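With the sequences and hints as input, model every part of the structure.
Numbering (the numbering used here), first residue to last: 1 to 398.
What the hints contain is simulated information worked out from the structure, not anything from laboratory work. Fair warning: this is a prediction, and the values are worked out from it, not measured in the lab. Ideal Cβ positions, reconstructed from N, Cα and C, are used throughout, including at glycine. Among the clues, some could well be false.
Cβ-Cβ distance ranges computed for the label pairs, FRET-style [unchecked claim]:
#: 1; residue 1: Pro148; residue 2: Pro287; range: 47 to 53 Å
#: 2; residue 1: Pro96; residue 2: Gly39; range: 36 to 42 Å
#: 3; residue 1: Pro148; residue 2: Gln312; range: 50 to 56 Å
#: 4; residue 1: Met267; residue 2: Ile41; range: 40 to 46 Å
#: 5; residue 1: Thr263; residue 2: Gln149; range: 54 to 60 Å
#: 6; residue 1: Gln199; residue 2: Pro94; range: 52 to 58 Å
#: 7; residue 1: Ser80; residue 2: Arg52; range: 35 to 41 Å
#: 8; residue 1: Arg57; residue 2: Phe206; range: 51 to 57 Å
#: 9; residue 1: Thr208; residue 2: Arg152; range: 29 to 35 Å
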Amino acid sequence: RRVPQTRRADSSRNRPTSQAEAAMNEAALCLNQSSYHAGEIVYGAAYICICRPTQIRSLQIRIQGTETVTWSRRKGQSSSACLIDQSYELLSLPQPIPFGSYLIPFKLPLPNLLPASFYFAEFDELCCEASDLPEACRVAYSISLASPQSQRFGARLDLLVDEEVPGSEEALSVNDSLNLSVIPAMRKTLRLGLSLDRQAVRFGEFLTVTLRLVNETRRTIENVAIKLLRRISVACVDNGEQLQQLQPHDPTKCPHCVSVCSTWWSMLMPGSDPEVIECGFDDLKIPIPSPTPCDFAQTVNSHRLTCQHFLQLLVSLDGGRRLQTEVRLPLVRAHAGAQSATWQQLEQPLPHWLAGCSALLSQSASLPLRPDEVLGTNFAGMPVLRSLPASALVTDFA
Numbered sequence: 001r002r003v004p005q006t007r008r009a010d011s012s013r014n015r016p017t018s019q020a021e022a023a024m025n026e027a028a029l030c031l032n033q034s035s036y037h038a039g040e041i042v043y044g045a046a047y048i049c050i051c052r053p054t055q056i057r058s059l060q061i062r063i064q065g066t067e068t069v070t071w072s073r074r075k076g077q078s079s080s081a082c083l084i085d086q087s088y089e090l091l092s093l094p095q096p097i098p099f100g101s102y103l104i105p106f107k108l109p110l111p112n113l114l115p116a117s118f119y120f121a122e123f124d125e126l127c128c129e130a131s132d133l134p135e136a137c138r139v140a141y142s143i144s145l146a147s148p149q150s151q152r153f154g155a156r157l158d159l160l161v162d163e164e165v166p167g168s169e170e171a172l173s174v175n176d177s178l179n180l181s182v183i184p185a186m187r188k189t190l191r192l193g194l195s196l197d198r199q200a201v202r203f204g205e206f207l208t209v210t211l212r213l214v215n216e217t218r219r220t221i222e223n224v225a226i227k228l229l230r231r232i233s234v235a236c237v238d239n240g241e242q243l244q245q246l247q248p249h250d251p252t253k254c255p256h257c258v259s260v261c262s263t264w265w266s267m268l269m270p271g272s273d274p275e276v277i278e279c280g281f282d283d284l285k286i287p288i289p290s291p292t293p294c295d296f297a298q299t300v301n302s303h304r305l306t307c308q309h310f311l312q313l314l315v316s317l318d319g320g321r322r323l324q325t326e327v328r329l330p331l332v333r334a335h336a337g338a339q340s341a342t343w344q345q346l347e348q349p350l351p352h353w354l355a356g357c358s359a360l361l362s363q364s365a366s367l368p369l370r371p372d373e374v375l376g377t378n379f380a381g382m383p384v385l386r387s388l389p390a391s392a393l394v395t396d397f398a
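Given below as structure tokens:
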């Protein structure tokens, strides 16, 4: 029998593809910081590498931010609000971008009143009795590079926005005059001074508390109780449409209005004898548990709901019968789990020498450019750089 001859393999199919053939048009973004505050200017750079023919003539930078509240994962009930959606023209040319690698710096201002990045998904575990509390809340931002001429070309980075808390590391002292209790029968005073090492707390940290007790009443103080309370309040907000209703809004009968208070940390310390006029407790370390929910405002089923959350430090003498004082503490909230500001792209990995390009972002002075290196200017008036070879780029700019 004739044995069928095997077809000779085509050498062109098995040969390794060259670097030029495997190259793809790619883009990436880099920011000068890992996180920002509201009102701060974002400095960054967009890297594009054009290796194949393309029709891309313009590039845009877009900042987006959303607040999403999930009320029921099983039923898919959720609401979303747009916090920011701004686009800026980064590059516009009459002809397609020629072959080459380009580094385009940019700067974008963030609005002043911008909520911090946040994610929380444990309302039910914290407050099981409050069935109307949401299951999850997320505040997330992103910055992206895109082109109207190509949907596949672009890059995206998660943008972290920190909560601005002025004086968060400064000490906070409660004025004694606000905590003055006069006993008419004795005509003596009982004063309680409370001092904290900071004005705001971050989850996972420790709060240092110092107490000063002045007892001129000659009565025995049996105990001093310190409690750290968490208060969550979800309430409807009366707007113009709701004010037209015949019956006014009653929070006690509204199914959406919920108020929950729970104790996170408590400590009972011995009091003082009548002979002791002044005593104190120094450097009490109170842990701040994590995670913590956030404040939000959403419209659900035509109800405008607001959620307020804060920590309350409560100090009482003899169960509040003698004297009681409290301090409300704002929280520096958690991030939305976004990644740090590093080079990211949609398709192929970037060349290794691009790590040196991040040094460009920290230079405030203008770079020494030759006329043939400048491709144009972007919306901020900053030059669009046509990159040099890898060795020259790292040597001159890194």
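Hints, one by one, checked against the model:
Range check, Pro148 to Pro287: Cβ separation about 52 Å, and the 47 to 53 Å hint holds. Pro96 and Gly39 have their C-beta atoms about 37 Å apart, which keeps the hinted 36 to 42 Å range intact. About 51 Å separates the C-beta atoms of Pro148 and Gln312, a value consistent with the hinted range of 50 to 56 Å. Between Met267 and Ile41 the Cβ separation comes to about 45 Å, which falls inside the hinted range of 40 to 46 Å.
Hint check: Thr263 to Gln149, Cβ distance near 59 Å, so the stated range 54 to 60 Å holds. Between Gln199 and Pro94 the C-beta distance comes to about 55 Å, which sits within the given range of 52 to 58 Å. Judged by the Cβ atoms, the range 35 to 41 Å given for Ser80 and Arg52 holds: they are separated by roughly 37 Å. For Arg57 and Phe206, the Cβ-Cβ distance of about 56 Å falls inside the hinted range of 51 to 57 Å, so the restraint holds.
A beta carbon spacing of about 54 Å between Thr208 and Arg152 contradicts the range 29 to 35 Å that was offered as a hint.
Violation of the numbered hints given earlier is confined to hint 9; every other hint is satisfied by the structure.
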